[in-house]
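Student: In order, the protein sequence lines correspond to chains A and B.
Going letter by letter, the first sequence gives residues 1 to 606 in our numbering.
Going letter by letter, the second sequence gives residues 1001 to 1350 in our numbering.
Hints are not guaranteed to be accurate.
Said to hold, decoys possible - Chain A is faced by these chain B residues, among others (derived, beta-carbon under 8 Å):
| hint | residue |
| --- | --- |
| 1 | P1006 |
| 2 | R1007 |
| 3 | P1056 |
| 4 | E1057 |
| 5 | G1190 |
As the list claims (entries may be wrong) - Lysine-lysine pairs mimicking DSBU-like chemistry, simulated, CA-CA at most 35 Å apart:
| hint | chain 1 | residue 1 | chain 2 | residue 2 |
| --- | --- | --- | --- | --- |
| 6 | A | K546 | B | K1014 |
| 7 | B | K1160 | A | K546 |
| 8 | A | K546 | A | K77 |
If you're looking for bench data, these hints aren't it; they were derived computationally from the structure.
Don't be surprised by glycine CBs; every beta carbon is placed ideally from N, CA and C.
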Amino acid sequence: MKPTDTSNPEYFHKVVDCQWGCPAHTDVPEYIRLIAQGRFDDAYMVNRESNVFPAILGRVCDRPCEPACRRGRMDEKPVAICRLKRVAADHRGDITDRLPVAPTEKNGKKIALVGAGPASLTVANDLMPLGYECTIFEAQSVAGGLMRYNIPAFRLPIEVLNEEIDYILDMGVEIHYNHRVESMKELLDQGYDAVFVGSGAPRGKELKLPGRYDTENIHIGIDWLESVAFEHIDSIGKRVLIVGVGNTAMDCCRTSLRLGATDVKVMARKPREFFKASVWELEDAEEENVEIVVNHSPKEFVVEEGKLKGMTFELMEYVIENGRILDQDVTGEVFIPCDDVVLAIGQENAFPWIERDLGIEFNPWEEPMVDEVTYEATRKGVFFGGDSAFGPKNIIWAVEHAHQAAISIHRHCHGEPLEDRLPDRMNLQTRKMGMHEWSYSNSFDPAARRKMMHVPLEVRFTELGKEVELGFDAEQTAKEVERCLNCDIQTVFTDSLCIECDACLDICPTQCLTITSNGEREDLVQRLMAPVLEHEQPLFVSHELKQTSRVMVKDENFCIHCGLCAERCPTAAWDMQKSLLEFPQAVDYVRGNESGKRPCQQRKAG
Amino acid sequence: MTYARPRIDLPGQKTNEIGLALHDYEGSLSTLCAGCGHDSITAALVQALWEMSIAPEKLIKMSGIGCSSKTPAYFVHGAHGFNSVHGRMPSVATGALAGNRALIGIGVSGDGDSLSIGFGQFGHVIRRNVNMLYLIENNGVYGLTKGQFSASADAGSTSKRGEVNQMQNINAVATAISMGASFVGRSFSGDREQLVPLIKAAIAHPGCAVLDVISPCVTFNDHQGSTKSYAYVREHRHKAMETDLISPRAEIKASYYAGDTHPVRLHDGSTILLRKVDPDYDPTRRNNALGFLERHRSRGEIVTGLLYIDQNVTDMHTQSRTVRTPLKDLEFERLNPGSEALEKLQLGMK
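Bound conformation, chain A alone (with noise of 0.2 Å):
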């Protein structure tokens, strides 16, 4: 195999897992260390550099990182990333002097923003601090699109979502409530220097079967949720029935119940594994007592005399093999009662008010056409980012898409080419403090992660906006942060200083290094000291060593970055090194400012 090159950023970045698996690439074991040290504040600004959103993320994230995170690997449970963020965030104390600010000099481009969701809100907070005036238009009389409408303040309190929010909108946005955009058209003709489109994918998928039409008491999930958080609607039926199974179907059923439903029942077409909802939102509803029913397809609506009786379901039978379904059967039909019925099948983006004819083209499923690098639409200086770009994902993928669109966005203001972006950079910086001493907690901590403690059920319903989560304690924060397995302190090898004493390969506790003749990777496999388990981790491959001209190699997918290699290194061949990563964001691309930091960025590290 080729020698590892260890300069291309995108090898170590691959090594840390959760920062790899973070759509905004949120550097996590650095406000792991942070929130250890109690340096909160700091550890808030870290996330905040890259997510915007530390306090409302710390609650809500659809969590990419976790299942990506080493220690699940080795200990079933990963790190609780998304608690621990919550703690830093809860704990931090007035950071509003460390947050970036937009200066009284404007630089005289001025930008349109369509919807005031999180993408939009990132945008505008990238933007504003280099002097755009930017201009939200948003249809509700508040600010924060779905996190504000679609999840619900059980979830996620008000006051959290406000501060964040008023964070960037306090920086002098402009922002029009009440204010929907009916035309495109009308908003090009303003003449702004470019426009944004954050609107997220607000139209629930429809259930057309028979009985649809029939009754008032068949709700579609996403606007069902709308209407509660603007306490249009405030109670339901005892019995409810919620079709669909992901994340919006949970936030529905547990909803439900904080209405006055009883018996609530979330009705699955497919068998468990094929949920969409993130399995920690299953736990948390079926604790509230919601029967989550598999293997039901919905046939029809049974509506008496205009009042809804319940539903009748075809009963489904799945041949499944290595997470497919091949076949299906159906076996029988059941009819269950219910007096509401919620459909959360799925959203879509829509765009009836995006005239046809101004060059901004769609695919034949009514989707904008957006460049998955620059975000900008067919018709220059007209970008898409969050849901409104490809569809429903979440709010960390829509505020990455935002970060990518702002660049954009400046470098269009300024007649730069958009595809031209600046590569990632990382510094690399040992950690050796001295004999037996890194400067990070490198020993490993077999504790178990840490469990969320809830409110207790009977308070819970008591209050619509009740928060659930009670957050981690002194206690567990300590322990949750042990259980981090530094991944971003990188094992450095030099080959040129390594004697091939084989120390390393001796003290590894999980055999992941191995001295031996180079070869193809199939065959190079063959001679580790353990076996390859996880053939998408990256391997990493010196150079010849000089005594014996072997290689070292090493899997990197179960280092737990002790550092005993480096440890017991005599020669220092081995070192223990933070990867810094930097990713750039529009604040980069401003002339004269290339190695400027970022307000953020002006902290120690960890």
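Let chain A serve as the given structure and place chain B on it in line with the hints.
Tutor: Structure of chain B alone, referenced to chain A:
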């Protein structure tokens, strides 16, 4: 901030025939210098004992004094052990194995412990052919006293400060062969592939198996003038023999016989396969072996591999016609037949 080696049982971890993981054959964390050859030998012992599925309680580890003699603490923490005075490991080993012949004995010694202070004892444990692995971790210096030449330092090699060694060295391998050893090998701590099978063969051999393992001292003897540095040994090594140990249950595959390969069947039914790398070498003839060693020594080469094996030398228990049962398992009446029996015995000698 801590310096401890965690035990991590990973998914898919392999176990041996008696259900133990490699971790179960480890000991305390080494306190030797980082990069010490002795630690590699420890790792090779761990590997070999695990592969042979030796139950920890069936093993006794013995040593004298020195860096080398610290190493029994670093493998198989469930085994028996005895850390004796300097150079006296062979006496303790002889006693222990005389008392309990069912134990598998491993004595770990160094060049100082065996070739200086314990030189006399070294000769006699070979002469008695005590059934054990006698492993010399040979680095050519007194590491614990800051790097003076040891008895195995080659004449003409230099100390770390540049001083030239004037005295001739004692060659552990040649000494052992000439004293009538039944199994003698040499290896290098930096070659796990050679060392592990050699250790396994030495443990399986029913007699005193002497292994001289060149084990560089990174702190005092890994410099340019040294003849026991990692670089020097790698450059001047001459592999005479490759070894495989085939357990009694395993099938001997035809592919093992590639080239000039000789099987040596041991009394326990296992087989040592010797694959000659050097065709003009016969490890079963003492004069040939000694001559071969001398020829290569004069060229400055370090010969490694299983260098001498003689299956016909009887071991201590056979020589002394001792009881087959380990003494601990004898009923008290047989072990101690009483004063009457003693009297009878003494009368017979009159």
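Student: With reference to the structure, classify each hint as holding or not holding.
Tutor: Cross-check of the supplied hints:
1. P1006: Status holds, d = 4 Å.
2. R1007: Because about 7 Å separates R1007 of chain B from the closest Cβ in chain A, which is inside the 8 Å limit, the hint holds.
3. P1056: violated (19 Å)
4. E1057: It is violated, given that the least Cβ distance between E1057 of chain B and chain A is near 24 Å, above 8 Å.
5. G1190: holds (6 Å)
6. A:K546 / B:K1014: With Cα atoms ~33 Å apart, K546 of chain A and K1014 of chain B stay inside 35 Å; holds.
7. B:K1160 / A:K546: holds (22 Å)
8. A:K546 / A:K77: violated (41 Å)
Going through the hint list in order, the structure does not satisfy hints 3, 4 and 8.
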